[in-house]
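J.: Here are the chains, one letter per residue:
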Amino acid sequence: MLPAHLHPCLALQKRQILLALNNLSSLELNDERSDDPPESANQVAYQQLQDLITGTVCRGEGNSCLLIGPRGSGKTSLVSRCVAELVEQPIVLRLSGWVQTTDRLALREIAVQLNEQTGNVYLALTENGQEDEEPNPFLDAPPTNVPFGQPSAAHLPTLISLLPTLPRPTIVILDAFDLFSLHPRQSLLYCLLDTVQNCGAGPKNKGVAVIGVTTRMDSINLLEKRVKSRFSGRMIRTASPAELSDWTRLARTILCAVPTPPADSGIKHHLPSWRELWHPTVDKFCADEAVLAMLNDTFCITKDVRMLSKVLTHLVVHLSPQVPLLTASQLAAAVAKQRARPLYPFLQDLPYPCICLLVAAYHWDTAGHPNFTFEMLYESFRHQVRASSSAPVQVNGGSIGMMRCSRMALENLISAHIFDAIAAPNSSIAKEFVKYRCTLERDDIRKATDKCGQTNVKKWLSKAQ
Amino acid sequence: MDELATLVAIAPPPFIFIHDPNSFQTSANAVINLLDSIACSNDNTAHLRTVAANGISCFTPRLLYDRIINSLANWTVKWEEGCSNWSLSSDPASSTRRWNDSFDGFVHGLRALHHSIRTSPAQQARKKGDDKNKRKGKGKGKQKETEEDRAVNQQVRFVIVVEHAGHLRETMPDLLVPLTRLAELTQLDLVVIFLSQVRWEDMKPSSGASPDPYFIDIPSPKKEEIVSQLEEHFGSIMRTTSDFPHADPSTLPKANRKKNAAPTGVSGQPLPGPYHPSLRQLYSHFTSILCDVCYPFTHDPREIQYIAAARWPGFVQPVLAGHAQRIERLRTRLAKRAGADHETNYMDVDEDYDEDEDEDESEELRPPTEDTRLRLSRLFKPTLTSALEELYPRLANAAAWAQLNSAPPDPDSITLSRPTSPLKMGAAAALSDTNTVQMPVTPRTNRVLRSSVQNTPHTPYTPRTPRVTSYAHNYSGDTKDVTTTMGLSILPRLSKFILIAAFIASTNPSKSDIRMFGRGLDEKKRKRRRTASTIGSKTGSGPSKVPQRLLGPTPFPLDRLIAILGALLEENDISEEIRLSTDELFNVPGEYTDMEISRVGVYTTIGELSSIWLLHRTSPPERLEGPPMFKCGISYDDALGLAKELDVPLNDLLWDPL
Chain A
1 MLPAHLHPCL
11 ALQKRQILLA
21 LNNLSSLELN
31 DERSDDPPES
41 ANQVAYQQLQ
51 DLITGTVCRG
61 EGNSCLLIGP
71 RGSGKTSLVS
81 RCVAELVEQP
91 IVLRLSGWVQ
101 TTDRLALREI
111 AVQLNEQTGN
121 VYLALTENGQ
131 EDEEPNPFLD
141 APPTNVPFGQ
151 PSAAHLPTLI
161 SLLPTLPRPT
171 IVILDAFDLF
181 SLHPRQSLLY
191 CLLDTVQNCG
201 AGPKNKGVAV
211 IGVTTRMDSI
221 NLLEKRVKSR
231 FSGRMIRTAS
241 PAELSDWTRL
251 ARTILCAVPT
261 PPADSGIKHH
271 LPSWRELWHP
281 TVDKFCADEA
291 VLAMLNDTFC
301 ITKDVRMLSK
311 VLTHLVVHLS
321 PQVPLLTASQ
331 LAAAVAKQRA
341 RPLYPFLQDL
351 PYPCICLLVA
361 AYHWDTAGHP
371 NFTFEMLYES
381 FRHQVRASSS
391 APVQVNGGSI
401 GMMRCSRMAL
411 ENLISAHIFD
421 AIAAPNSSIA
431 KEFVKYRCTL
441 ERDDIRKATD
451 KCGQTNVKKW
461 LSKAQ
Chain B
1 MDELATLVAI
11 APPPFIFIHD
21 PNSFQTSANA
31 VINLLDSIAC
41 SNDNTAHLRT
51 VAANGISCFT
61 PRLLYDRIIN
71 SLANWTVKWE
81 EGCSNWSLSS
91 DPASSTRRWN
101 DSFDGFVHGL
111 RALHHSIRTS
121 PAQQARKKGD
131 DKNKRKGKGK
141 GKQKETEEDR
151 AVNQQVRFVI
161 VVEHAGHLRE
171 TMPDLLVPLT
181 RLAELTQLDL
191 VVIFLSQVRW
201 EDMKPSSGAS
211 PDPYFIDIPS
221 PKKEEIVSQL
231 EEHFGSIMRT
241 TSDFPHADPS
251 TLPKANRKKN
261 AAPTGVSGQP
271 LPGPYHPSLR
281 QLYSHFTSIL
291 CDVCYPFTHD
301 PREIQYIAAA
311 RWPGFVQPVL
321 AGHAQRIERL
331 RTRLAKRAGA
341 DHETNYMDVD
351 EDYDEDEDED
361 ESEELRPPTE
371 DTRLRLSRLF
381 KPTLTSALEE
391 LYPRLANAAA
401 WAQLNSAPPD
411 PDSITLSRPT
421 SPLKMGAAAA
431 LSDTNTVQMP
441 VTPRTNRVLR
451 SSVQNTPHTP
461 YTPRTPRVTS
471 YAHNYSGDTK
481 DVTTTMGLSI
491 LPRLSKFILI
501 AAFIASTNPS
511 KSDIRMFGRG
521 LDEKKRKRRR
531 TASTIGSKTG
541 SGPSKVPQRL
551 LGPTPFPLDR
561 LIAILGALLE
571 ENDISEEIRL
581 STDELFNVPG
591 EYTDMEISRV
601 GVYTTIGELS
611 SIWLLHRTSP
621 PERLEGPPMF
631 KCGISYDDAL
641 GLAKELDVPL
651 NDLLWDPL
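First to last, the sequence lines map onto chains A and B.
Just so you know, we're using the UniProt record's numbering here: the first sequence kicks off at 1 and counts up by one.
Just so you know, we're using the UniProt record's numbering here: the second sequence kicks off at 1 and counts up by one.
Some clues are possibly wrong.
[Stated by the list, open to error] Quick list of the computed label-pair ranges, beta carbon to beta carbon:
1) A:A336 <-> B:P557: 57 to 65 Å
2) A:C300 <-> B:W613: 53 to 61 Å
3) B:E225 <-> A:Q47: 51 to 59 Å
4) B:G518 <-> A:A387: 30 to 38 Å
5) A:C300 <-> B:E201: 15 to 23 Å
6) A:A333 <-> B:Q281: 33 to 41 Å
7) B:P620 <-> A:N221: 42 to 50 Å
8) B:E201 <-> A:I422: 16 to 24 Å
9) B:P382 <-> A:N296: 55 to 63 Å
[Unchecked claim] 27 Å max Cα-Cα, derived DSS-like pairs, lysine-lysine:
10) B:K511 <-> B:K644
11) A:K459 <-> B:K545
12) A:K337 <-> B:K204
13) A:K447 <-> B:K204
14) A:K458 <-> B:K223
15) B:K545 <-> B:K511
[What the hints assert, rightly or not] Chain A is faced by these chain B residues, among others (derived, beta-carbon under 7 Å):
16) A11
17) P21
18) F103
19) V177
20) P178
21) F215
22) P296
23) F297
24) T298
25) L550
Hints listed in this document are in silico derivations from the structure and should not be mistaken for laboratory results.
Beta carbons: idealized from backbone N, C-alpha and C, even for Gly.
Construct all of the structure, not just a fragment, from the sequences and the given hints.
T.: Next up, the structure:
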């Protein structure tokens with residue numbers, strides 16, 4: 001379909017779009033700046049955050065704030081952008097509530113990162129401290145499962161209060177801030193915020209900023225009183241694009257990303273003709289009613305830009321010289337795959353015994369027994385075979401009377417989490433009497449049997465009505 | 001697959017989830033091979049380092065960290081060096097650091113590795129190339145070196161594949177979120193690919209803590225794909241066996257190996273094995289038939305391949321046997337001719353021998369004709385089904401099954417390969433092998449062929465039904481355990497009675513005992529009550545009752561077991577003369593049985609049965625109050641068999657019979 005000389009152009013375009021999709025945040029920025037409609041939430045947030053950070057870095061202030069916004073609204077990228085744009089690089093400590101699940105882990109991580117960025121060894125200090133501590137038999141029983149080299153909690157205030165005395169200003173970024181507040185006594189947060197509050201703008205001391213990043217709107221209510229009183233209370237909100245037009249604009253810019261050809265290749269000559277071909281299709285694609293409707297659907301479900309990026313990635317990756325142009329049907333496929341995923345996409349591909357077991361489960365459900373054992377399913381299958389007095393499956397003339405692989409089929413279903421065991425596995429219950437529950441809806445089973453195309457099975461299912 | 005290739009090569013999203021419920025292992029291997037091939041190609045935006053960690057074998061976080069970091073660094077753990085993991089060798093201070101103590105350590109390890117790969121001077125790259133060279137023993141050192149040099153100037157991208165990712169949820173649930181956010185945490189160019197049989201919805205952590213992945217679903221393979229895959233496999237086996245005949249014995253089941261290794265052809269070469277090139281066409285037909293049979297039952301290519309490997313040698317056995325006979329005849333004929341040419345010296349005989357062989361090429365195994373193929377497939381179709389039934393649930397292993405079901409070298413089986421007239425056969429051979437076109441039909445060969453046609457009657461070859469093994473005989477459903485059925489028949493008589501009593505006690509509700517076994521009342525009353533109760537239960541509202549037999553055994557106290565056992569023994573075991581002879585001793589009817597069941601032997605037998613797990617003791621042995629509780633451990637079919645053996649009308653004694 002596509003002339004052969006344009007194939008490399010398509011490949012280039014694909015590559016460029018994918019690259020653009022991968023760093024969405026920078027692109028978003030350009031887009032918004034160029035148009036400058038009423039300032040978006042992220043724009044405001046960026047301004048505030050930058051003010052705050054420059055305050056810390058240049059004037060040595062102690063600052064603390066919370067960055068709140070839904071998932072995928074660009075919180076993390078906002079912070080890293082602000083930090084990256086600074087003239088003088090501060091010390092950046094990144095902690096994540098997902099990884100540093102205890103204060104001790106966090107403390108050690110702080111020490112390691114300080115070590116990396118300043119060159120001074122802080123870990124040694126804490127490790128020595130621990131060695132001193134260990135022989136003391138009168139301490140409370142130390143936690144047994146603490147890995148080697150974790151500093152004790154006693155060093156927390158020491159290390160944290162060190163922060164303002166460092167040669168450069170420090171920025172502490174706490175990802176998943178709400179998880180830190182779940183630590184016992186919130187001692188890390190207390191120490192950090194206390195240090196920030198007491199951080200006098202002296203000539204010796206440099207500034208410290210604590211930036212909490214979270215999606216939880218009530219994060220501030222999670223803080224204890226003594227911690228909350230030390231927190232500045234500044235909250236900066238980010239938001240995803242508020243209107244559909246933002247999305248479409250974004251999609252358009254991404255799709256029209258300008259490929260940069262490698263210098264030595266002969267592709268350059270073809271590029272203008274490619275552009276003539278490509279840009280109208282993008283225009284057409286973006287103006288298509290069906291496309292807009294689908295984007296609108298997606299937008300109404302989630303405003304997360306990452307979803308858009310996933311959908312577009314799927315769309316672009318599937319472009320090929322045979323199908324070089326964007327169409328609405330492709331977008332529909334992408335949306336079905338990435339956004340509105342069917343719960344059990346593989347259901348109609350299940351082998352025949354599995355479907356039989358599902359139908360048997362359906363029958364038992366109709367009879368008022370949502371929980372069943374394997375023996376029950378097998379019994380009803382046997383009954384059905386006897387009742388219909390015909391072999392249940394006809395394969396190219398040859399018939400298979402009884403299915404004997406059904407135990408394997410059951411195990412397949414269990415491993416696919418379609419059948420869930422109700423009770424915990426117990427050695428006193430034989431395998432065939434373990435009770436299961438079917439996680440599928442009745443409608444799903446009906447669709448699956450319709451698609452599998454075995455008339456006998458379909459008849460059997462319809463008996464349950 | 002193409003999708004993944006493009007993505008990884010250009011700009012992957014940080015987290016990809018590949019879901020494949022049906023043919024997991026195949027696609028996992030495909031993904032890993034694909035990634036390796038991408039890593040070797042030059043058409044990437046970054047230098048790729050890939051690693052595949054297995055969620056099953058990496059069952060602790062440390063194992064996972066070590067596995068990922070070591071193989072990203074192309075580092076092999078050596079026993080001599082104290083199994084040390086990869087570390088920054090240039091820096092002694094940091095070499096003492098361990099990357100595997102926590103997730104922080106892991107993240108730092110990744111960063112350090114990234115840094116070292118990017119900034120490593122050429123010498124380090126060279127060293128790595130040398131390392132690889134040593135390890136693999138291939139002469140690719142130069143190429144690797146240049147690649148490494150090139151890598152230094154480029155970006156480095158890590159690709160971390162986690163197979164069986166569903167298992168991570170059980171072994172290390174805390175790690176799931178950080179792993180999915182790994183790119184964000186390490187701030188590196190990094191892709192995490194989860195490969196799983198389980199849906200993402202089933203393993204995703206709560207509260208949306210990890211970002212949604214980019215989904216790739218792998219559809220289940222079509223029948224045609226499986227067939228083509230099997231044929232490819234045939235090709236690979238063919239190559240290995242032709243290079244080194246019988247070097248790879250695992251591919252051939254035992255029975256066949258023996259047969260093929262022993263006899264040799266005229267020229268002293270081994271006879272062609274089942275994976276001979278000229279059988280390829282037959283094999284493709286065979287696979288399509290096999291897939292027709294198996295495809296509704298399983299979509300996993302590996303399973304079908306397993307069955308194919310077990311069945312194929314037996315399938316071609318008649319063809320090979322026919323070929324062997326032909327060779328045999330050829331040899332005797334040559335011997336005769338050698339006898340006739342007695343005057344000439346032996347050298348001449350040898351030459352003649354070779355010449356003759358070149359001339360009519362009877363050493364070559366000819367591809368079987370269309371008719372043979374049809375006959376073969378008709379013969380073996382029933383055995384394909386039985387192969388599926390036994391091999392798919394792994395009731396037998398492939399080698400043993402193939403040995404049992406291989407068609408023996410039957411003299412009748414030669415008829416298979418001789419359905420055509422000699423002329424036709426020659427034509428068929430000429431069609432398939434261009435070399436034989438030049439071959440004139442010499443009177444000699446004609447004679448041989450004709451004579452063989454004459455002396456072989458065209459009896460239809462009846463397929464041998466697969467030999468029934470001892471366990472397969474009893475085997476009526478796959479729910480039954482092979483060992484229990486084997487063991488039951490050798491139990492003493494009393495144990496069998498105890499088992500039947502236990503089965504009754506486990507399946508009947510305890511309230512029904514008096515009706516089932518009650519004596520002193522007339523039979524009519526018992527019957528009437530029972531029918532009335534069943535009718536009542538049917539008219540009552542609520543869901544219908546499920547037979548207890550299907551729900552599994554219920555626990556019962558020892559006393560009840562003993563009581564039922566007594567009733568059983570009284571009705572079925574005690575013979576008339578005992579009853580008569582003991583009448584003087586025991587005046588009360590049933591007193592003899594009473595004595596029987598209170599013997600120590602009964603209790604020891606019960607203990608014995610529960611120790612071999614035919615009765616399950618449900619109450620802990622240290623509990624003293626109350627009678628010990630038991631549960632029946634045998635299935636309905638077993639109990640029915642036992643009852644038949646002992647002449648007990650089991651179905652009459654069950655509350656809800658079949």
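J.: All hints are to be evaluated individually against the structure, with a verdict given for each.
T.: Tested hints:
Separated by about 58 Å at the C-beta atoms, A336 of chain A and P557 of chain B satisfy the suggested range of 57 to 65 Å. At roughly 59 Å, the beta carbons of C300 of chain A and W613 of chain B sit within the given window of 53 to 61 Å. Distance hint for E225 of chain B and Q47 of chain A: a CB-CB separation of about 57 Å, consistent with the stated range 51 to 59 Å. The beta-carbon spacing between G518 of chain B and A387 of chain A, approximately 36 Å, falls within the hinted interval of 30 to 38 Å.
The hint said 15 to 23 Å for the Cβ distance between C300 of chain A and E201 of chain B, and at roughly 21 Å that hint holds. The hint said 33 to 41 Å for the Cβ distance between A333 of chain A and Q281 of chain B, and at roughly 39 Å that hint holds. One distance hint, 42 to 50 Å for the beta-carbon pair P620 of chain B and N221 of chain A, holds here, with the actual separation near 49 Å. For the pair E201 of chain B and I422 of chain A, the supplied restraint of 16 to 24 Å holds, since their beta-carbon distance comes to about 20 Å.
Under the hint 55 to 63 Å, the C-beta atoms of P382 of chain B and N296 of chain A, about 59 Å apart, fit the expected range. For the given pair, K511 of chain B sits about 26 Å from K644 of chain B by alpha-carbon distance, which is consistent with the 27 Å threshold. Among the hinted pairs, K459 of chain A with K545 of chain B is consistent with the structure: their alpha-carbon atoms are about 24 Å apart, no more than 27 Å. Between K337 of chain A and K204 of chain B, the direct Cα distance comes to roughly 17 Å. Compliance with the 27 Å bound is thereby established for this hinted pair.
The straight-line distance between the Cα atoms of K447 of chain A and K204 of chain B is roughly 26 Å, inside the 27 Å bound, and the hint therefore holds. Taken as a hint, the K458 of chain A and K223 of chain B pair is honoured in the structure, with Cα atoms around 22 Å apart against an allowance of 27 Å. Distance restraint check for K545 of chain B and K511 of chain B: the Cα-Cα separation of roughly 16 Å lies within the 27 Å cut-off, and the hinted pair is therefore satisfied. With its C-beta approaching chain A no nearer than about 4 Å, A11 of chain B sits inside the 7 Å limit, and its interface hint holds.
With its C-beta approaching chain A no nearer than about 5 Å, P21 of chain B sits inside the 7 Å limit, and its interface hint holds. Interface restraint check for F103 of chain B: the shortest CB-CB distance to chain A comes to about 5 Å, inside 7 Å, so the restraint holds. At its closest, the beta carbon of V177 of chain B sits 5 Å from a beta carbon of chain A; the interface hint therefore holds under the 7 Å criterion. About 5 Å separates the beta-carbon of P178 of chain B from the nearest beta-carbon of chain A, less than 7 Å, and the hint is met.
Checking F215 of chain B against chain A: minimum C-beta separation of about 6 Å stays under 7 Å; hint holds. Residue-level restraint check for P296 of chain B holds (minimum Cβ-Cβ distance to chain A is 4 Å; threshold 7 Å). For F297 of chain B, the suggested interface contact is upheld, since its CB lies about 5 Å from the closest CB of chain A, less than 7 Å. For T298 of chain B, the suggested interface contact is upheld, since its CB lies about 5 Å from the closest CB of chain A, less than 7 Å.
At a threshold of 7 Å, the smallest CB-CB gap from L550 of chain B to chain A is about 4 Å, leaving the interface hint in force.
The structure agrees with every numbered hint stated previously.
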